[in-house]
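Protein sequence lines, in the order shown, are assigned to chains A and B. Sequential numbering of the first sequence, starting at 1, is according to my numbering. Sequential numbering of the second sequence, starting at 1, is according to my numbering.
I should point out that these hints are in silico values taken from the structure, not numbers from a laboratory. Glycine is no exception: its CB is placed at the ideal position from the N, C-alpha and C atoms. Do not rely on the hints blindly, as some may be mistaken.
To be verified - Taking beta-carbon pairs under 10 Å as the criterion, some of the chain B residues facing chain A (in silico): (1) Pro164; (2) Pro539; (3) Ala542; (4) Pro601.
Claimed, not checked - Derived Cβ-Cβ restraints for the label pairs, each shown as a range: (5) A:Val350 <-> B:Leu692: 14 to 22 Å; (6) B:Glu33 <-> A:Asp328: 38 to 46 Å; (7) B:Pro601 <-> A:Val350: 15 to 23 Å; (8) B:Thr492 <-> A:Lys222: 22 to 30 Å; (9) B:Pro607 <-> A:Arg338: 19 to 27 Å; (10) A:Lys222 <-> B:Gly699: 30 to 38 Å; (11) B:Thr406 <-> A:Asp328: 27 to 35 Å; (12) A:Asp328 <-> B:Asp273: 52 to 60 Å; (13) A:Pro190 <-> B:Glu525: 20 to 28 Å.
Residue strings, one per chain:
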Amino acid sequence: MTATDLAAIRGAILAEIGAAADLAALDRTRVAALGKKGQVTELMKGLGAVSAEERKARGAELNRLKDEISAALDQRKDSLSEAELDRALGAERIDVTLPARPESEGRLHPISQTIDEIVAIFGAMGFKVAEGPDIEDDFHNFTALNIPPEHPARQMMDTFYLQGPEGGRPVLRTHTSPVQVRTMLSEKPPIRIIVPGRTYRSDSDMTHTPMFHQVEGLVIDKTTHMGHLKGCLADFCRAFFEVPDVPVRFRPSFFPFVEPGAEMDIGCSRKGGELKIGAGDDWLEILGCGMVHPKVLRHCNIDPGEYQGFAFGMGIERVAMLKYGIPDLRTFYEADLRWLKHYGFSGLEVPSLVRGLVTP
Amino acid sequence: MKFTFSWLKEHLKTDRTPAEIARALTDLGLEVEGMEDRGAALKPFVVAYVVEAKPHPNADRLRVCTVDTGGGTMQVVCGAPNARTGMKGVFAPPGSYIPGTKLDLKKGVIRGVESNGMLVSERELGLSDEHEGIIDLPADAPVGKPYAQYAGRDDVVFEIKLTPNRADCLGIHGIARDLAALGVGTVITPAVQPVPGKFKSPLDVQMHLPAEVANACPMFIGRYIKGVKNGPSPAWLKQKLEAVGLRPISALVDITNYLTLDSDRPLHVFDADKVEKGIRVRLGKPGETLAALNGKTYAIDETMTVIADEKAALGLGGIIGGEPSGCTEATTNVFVEAALFDPKRTALTGRKLSIDSDARHRFERGIDPAFTQPGMELATRLILELCGGEPSEIVVAGKLPDWKRTIHLRHARIWSLGGVDVPADRAEAILKALGFAVVRAGDGYEVEPPSWRADIEGEADLVEEVIRVHGYDKIEAVSMPAPAVTPEPALTPGQRRAGLVKRLLAGRGVMEAVTWSFMGKAQAESFGGGQPALALANPISADLDQMRPSILPNLLQAAQRNADRGSPDLALFEVGPVYAGVGPKDQAIHATVVRRGNVAPRHWDAPKPRPVDAFDAKADAMAVLQLCGVPLGNVQVEAKPPSWYHPGRGGVIRLGPTILATFGELHPRALRALKVDGPAVGCEVNLTVLPLPKGKAAGRARPMLKASPFQPVTRDFAFLVDDAVAAEQIVRAARGADKNLIVDVGVFDRFSGGALPQGKKSVAIAVTLQPVEATMSEAEIEALSAKVVAQVTKATGGVLRG
Chain A
1 MTATDLAAIR GAILAEIGAA ADLAALDRTR VAALGKKGQV TELMKGLGAV
51 SAEERKARGA ELNRLKDEIS AALDQRKDSL SEAELDRALG AERIDVTLPA
101 RPESEGRLHP ISQTIDEIVA IFGAMGFKVA EGPDIEDDFH NFTALNIPPE
151 HPARQMMDTF YLQGPEGGRP VLRTHTSPVQ VRTMLSEKPP IRIIVPGRTY
201 RSDSDMTHTP MFHQVEGLVI DKTTHMGHLK GCLADFCRAF FEVPDVPVRF
251 RPSFFPFVEP GAEMDIGCSR KGGELKIGAG DDWLEILGCG MVHPKVLRHC
301 NIDPGEYQGF AFGMGIERVA MLKYGIPDLR TFYEADLRWL KHYGFSGLEV
351 PSLVRGLVTP
Chain B
1 MKFTFSWLKE HLKTDRTPAE IARALTDLGL EVEGMEDRGA ALKPFVVAYV
51 VEAKPHPNAD RLRVCTVDTG GGTMQVVCGA PNARTGMKGV FAPPGSYIPG
101 TKLDLKKGVI RGVESNGMLV SERELGLSDE HEGIIDLPAD APVGKPYAQY
151 AGRDDVVFEI KLTPNRADCL GIHGIARDLA ALGVGTVITP AVQPVPGKFK
201 SPLDVQMHLP AEVANACPMF IGRYIKGVKN GPSPAWLKQK LEAVGLRPIS
251 ALVDITNYLT LDSDRPLHVF DADKVEKGIR VRLGKPGETL AALNGKTYAI
301 DETMTVIADE KAALGLGGII GGEPSGCTEA TTNVFVEAAL FDPKRTALTG
351 RKLSIDSDAR HRFERGIDPA FTQPGMELAT RLILELCGGE PSEIVVAGKL
401 PDWKRTIHLR HARIWSLGGV DVPADRAEAI LKALGFAVVR AGDGYEVEPP
451 SWRADIEGEA DLVEEVIRVH GYDKIEAVSM PAPAVTPEPA LTPGQRRAGL
501 VKRLLAGRGV MEAVTWSFMG KAQAESFGGG QPALALANPI SADLDQMRPS
551 ILPNLLQAAQ RNADRGSPDL ALFEVGPVYA GVGPKDQAIH ATVVRRGNVA
601 PRHWDAPKPR PVDAFDAKAD AMAVLQLCGV PLGNVQVEAK PPSWYHPGRG
651 GVIRLGPTIL ATFGELHPRA LRALKVDGPA VGCEVNLTVL PLPKGKAAGR
701 ARPMLKASPF QPVTRDFAFL VDDAVAAEQI VRAARGADKN LIVDVGVFDR
751 FSGGALPQGK KSVAIAVTLQ PVEATMSEAE IEALSAKVVA QVTKATGGVL
801 RG
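So that you can see chain B by itself, here it is in the shape it has in the complex:
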């Protein structure tokens, strides 16, 4: 909402400066977004009289003008075609800054003739693009008067951001009312005097709304004015509208715009000769259309409020008028509408048709119902004043809805909710200044909000009114009472764990990224997602139209972007949500890692560094699982990765039937679809399914450490097994030989080919035995070794290599 300081002062008598007004607006909750002193740039320029304009001795197109600037006579060389003796224009003295050219004006000699200053065009003053000639002022313009002042451009323009509840401040008189309540001035809005009708309107108004939707348009006031002459508005009106960024169109249109801004009263003016018999307020009919004033045609439906005549829809109530019944230069008889429309219906219709009009903006926020008839009287007066004509009596259909209601405000509530003690007299005075009727009653006040404050619904709203005018700055800040000297943990075990995982991965040399929760449908599909239910109906772009099933694609693409920028070897992780469905339980938190390129850059000790492989990804996954307290001895690794991993170089990590994590080298096809160059590996750990540590009830004490005093013994075994045998089978079998004594089984070698038979491989394991009761004898060790061999042979068909 934009308005000028001078316009505000038509409603508010104040001695405050614009800066003080801006501060007051902000304090009231009418946030000032901008304040511009339009006059400042125009300060040097004055109205001047061209005493004489004679041809330049050395140039056909130039004239030498003698200019009376009010402060003296100057010689100015001017090239404008309209420069002539006896005209009045705008003089720029030497040394002034010309806004349109962004140059300081200097004295000069043009083709041998001295020139002191210039006569300027609108473009040179930065007022418009007009540069056909210099500004040509009327003969009565006072010479020497600052031009900005003369043209009404010496003004400060405020722009305020209104919250949706403050519909009453969508008119300048409402803003003045709020400011006056704060005490920065007095409201001087003139009282509205009714205009007596001279005849009965030849057009009638009928409500054709079904009873159950009568509130769609509770009241419609019309007035016929005959014999008007539409044309350009006078300068004062044009200037007012232009100053707030509106383009003047014609007097009749400008009047409606003026009253919308001035008094928050949207109106419509029909060309009465284009209205068949009268106005019919009804709901839309299927198939009906409206050719609107904005040049577009809209399909109307049965939920919309339509202003029609006997034949057709003329406008959408509270939103936009129709082109065919609109006013033109040729209009001679008009029918003026001042009506009330239901905010909800207006909002829904406006949204359905995507029409953002000033009328809709106001009606959907709530218009002062009591100002409907005064609005009509103001409009009538202005039309008679600017366009002439003769007014009819007003035609009223429907009635003013009962807007009066009483809300009880307990005085104590101001303190108990607002946190500030406002004396009762002060509270009462504030409410009254805002237009509320107040009666002291019992523990507080019976308060009747004014007709323009539909947003006031209950006691809390009244508390806000009192304290916002009293001043939010008077609320004393009170620290929160501590619930305990030492606070309880703020995080749940799961939240704490997710935080630790981030710090673990950062410690493993992985950079944390945060990427969009959505991605392209094709990418989602190649990573197990793409369900129609998870597609965005209104995506911001086609490559962000699907909720992500996995974080991998985002990280892979990010890795590629970094590679393109010269960092080919990198690791990225994200701990964030993925979506399997739209329900709250379908959202899981994944810790996802991607490693790309080589494990490290080239180095003197490793001139050919190793490319990342599935085991790097597996190590990340295992580290996360271990940190999260998953018993790694109980998890199983299966070589059955999801389709986006290399089928032979990826796997899943399970605990019982639950898949905790996936890892591996990314499938070349998946990489190709993402336009990512390999090698790239990744893992995803589903933090949501990981078992949580036992609660506090289980106690913090750890089981007693049983550190054996006896030396551990390590024995190595090499087995010849089929290629298909998984290392984990051998390890498990070896472990199974004695669950108590065998504390670790490591795989320290594997190879195939060479002297080994086709289809076989050698796997070497180191089995660590930890005696607990006594040192083991050689015979006992031998016996256990034999058992290890037997177990492995039984489980895998492998044989011990000699």
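The shape of chain A in the complex, shown without the other chains:
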């Protein structure tokens, strides 16, 4: 066997490897070259017949050949595998323009979201959320709030009554204010609470629904005065409406459970028929408020000579409508999927002053 012969063998095997059309053919070539009875294996076996000094050089030569063939086999195997995978994948083609499997979308009602926003803002000012029952008694809903039975304000409230003896009939709370009373009767000042919740009045037209939501606020301590009331609510409005310079206006008003009493307006403009909150030529009434009436404090066993504070009540639907441009109050309660999708919020949008109240 001459070097020329070996070179021929090498050339033939490598050529066969390069020509292998698939993995099976390649394997056949491998067996024919390196298998137990393969051409190169046979040559290795033949080394025993060669002289010792020649054997060394020849053995090395054969080993090189063997390594070279192995490497060529591996390389060819890789490229054939890749080609085969490409072919297989080509046959697995799908129409990726088909729609994905449907998933239903859930959203939070604007009332829930708005309450969470209100809680985030007042929470940062140290208010805690308090709650009370929807079905109230006369004392908590009226009497303790300085609304005696013959008071004209009782009539203005369009109260829903449950069945019961005259005078002792439970009422559906007409405002969230009874929770003021419940809180003052059960906790000692200082008190800072807000009370978001359902309220009821027997009224139903374009702008009234028999059920709606209010948020009550109450602060009781020794020093809080009307300037704090103004500041607290102005701070709230700026944060809630995200209008840093929204003007606020206090007007004298009357609610039996406060004295002095006020209504608060925020500035707006109606240029071009579009309502915009902020500095403008018009005002929007958004809440009633005042300093807690001394009689209310006394009803709640708090000494008005020592303690004072403020209270306010704000319509949640109203501020939601203003902020989010929802035109019709009645739609809040219709559970219309189209409305909920349009005006609702992702459950992931947890209002936070730190992260931003609403995703811009």
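Use these hints to put chain B onto chain A, whose structure you have.
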């Protein structure tokens, strides 16, 4: 409360514009609801003289009028039957906008004759429906004068919303007083001069009130006026009343209405010839009735203040007069009443009888007691002026109650409560301008409120008076002092949890709804409610007359409405209150989910989507419970659903004896009652009864994680059991085989029929073992498997399938 600018100016000398007055009213707390310039629309129209009206050459019904408009002579073709030579009317020049027709007037040629403008009717000016003819003015109407000015219609009408405490502003002179205190003018209300009586009243007045209710009518002043002639009021009075929306009736009635509005002094005028002997003020008698001036008859009871004569009730004090003793055109002798009535009794009577009169509105808010006699004098003067007659001396029964009281106002209190620093002189001046008597004393002022301010009860009221006139806009806004740099959580754990549940359910693809807390009684009854105690006494409608025992009916009906609108497959939830009784503890918060239709719309991968089933509802319930930290391994599911679920496809989830949730397919009967098409499933989780997580005391640190380094092993078993055996029994039994090593038991197959015997089913479970100490040997696994089989067999009678 409506009033005109010109009427206000009878009481207030001011150079301010109506817009400035409106601003001042709002600043004072007399909120302006509307302001209308009535004169603006009437500006183009002038008083004109018809120099000549001759027949139209080409039309019988038309006339060709030569009209002197004061600025020139115009030819006008007019079709009105009353158009005639020498009359005075109202001329509309070409180019003017006619309010009644909503058209711009153009020059024209009518049947060949040129017409420049028109003579108008009241309807064309939008003043009334009168269209019989053109406006026919008296001969002395000045030609060329703007008609609005001539007719007193060039006025601005204000409408203010008065809060119940401001009874004193239910009269225009009271409004003027408040405005003057703000500094926008001077009060010029003329002083009231008494009218001397010419004779002794033939009718007397007697108080027949029991001593303990003497305050029902503390004082009654009467006056007899003989020889009056009742008839239409003069134009000035009619115009005043019409401008504020009142219909003129007759001079005597109009006078009482006028004084009510002008001076906040309700009065009543009796036809004296219909009063038997005199006025008796007493409480009502059982069975007594009153045929009132509003045409209705009312049953009187012993709680009501009655103005009567010797025979019968003539009126309800402070509320309404009676028809039989009222004045008519034929009335010649009258008896005028100016009285005081108790606000509380007036309010209760008015409410009991549902009478809303101007008198009641004022008496229940509190009338100025000191103005009772002046009111009588004003009324007398007006009656004499408009109806003639001769007045008697006044008759007084009862006496003026002592309204005087003194309240101490600490000067420092203005700042400490009102948050604004008002100089002492300024505070004193404000109170005095409002009619309060003020004496400086010690740290502040001794203040005596005027007779018309019954609403002023204490120091806080005085602070409000000072700061509202000083200006709420001068209160400086102060941010709340922060209680801490980082606030404590605002929510209780329960509140926080309810919020998380909403966000969880939204994340599960469920839409949040908010629905009424009430529903129809029948619906409430079919969902476990309907107790009489929870029925509304005055529902807004019959289908909203019962407090809800469950949120399911509302959501089911909402789902159906959406289905009708083309969204048949949907899921809705509400987290809100339900009511088991009227007590505070009877109210619970439920998280309720309803799923309707198919789990998804049709899709290329699922052309026939699966309808929702009880397990979808169970998954919602379990997800809520898991979020709320309920140990799901400890809850039991029982196939004993409430009656509104399918009896075989619903259940309750308990923790010990407490039912945490219910779920299932809705009962077809319940759906039918709600007119809802199935399939529909739902669940209700009672958030109120869920155990709350341990408080902060328990620490925030979690127990150390014990993650085993050894491979978990899963073994499958299939059991043949009776149909009645619940899957949960098998799972529990398998779990019980080794509470430490067995970490999960899943049910991965169940079937019946085929080769299986009748009444039997096959349930396959996958038991996962998690070794902790060392890898388990095959022998150990076998031993534990045998134990699992034994436990299941023992608990259920099932046998392992080969």
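Consistency of the hints with the structure:
At about 4 Å, the closest approach between the beta carbon of B:Pro164 and any beta carbon in chain A falls short of 10 Å, and the interface hint on this residue holds. Interface restraint check: B:Pro539 against chain A, minimum CB-CB distance 8 Å, threshold 10 Å, status holds. A hinted interface residue such as B:Ala542 counts as satisfied when its beta carbon comes closer than 10 Å to some beta carbon of chain A; here the least separation is about 13 Å, so the hint is violated. Restraint check, B:Pro601 versus chain A: the minimum CB separation of about 6 Å is within 10 Å; hint holds.
Distance hint for A:Val350 and B:Leu692: a CB-CB separation of about 21 Å, consistent with the stated range 14 to 22 Å. Between B:Glu33 and A:Asp328, the C-beta spacing of about 22 Å breaks the proposed range 38 to 46 Å. Between B:Pro601 and A:Val350 the beta carbon distance is about 29 Å. The supplied range of 15 to 23 Å is therefore violated. The supplied range of 22 to 30 Å is met by B:Thr492 and A:Lys222, whose beta-carbon atoms lie about 26 Å from each other.
A hinted range of 19 to 27 Å holds for the C-beta pair B:Pro607 and A:Arg338, which are about 26 Å apart. Between A:Lys222 and B:Gly699 the C-beta distance comes to about 35 Å, which sits within the given range of 30 to 38 Å. Separated by about 53 Å at the C-beta atoms, B:Thr406 and A:Asp328 break the suggested range of 27 to 35 Å. Remark: the range hint 52 to 60 Å for A:Asp328 to B:Asp273 is upheld by a beta-carbon distance near 59 Å.
Distance hint check for A:Pro190 and B:Glu525: the Cβ-Cβ separation is about 47 Å, which falls outside the suggested range of 20 to 28 Å.
Hint compliance for this structure: hints 3, 6, 7, 11, 13 are broken, all remaining hints hold.
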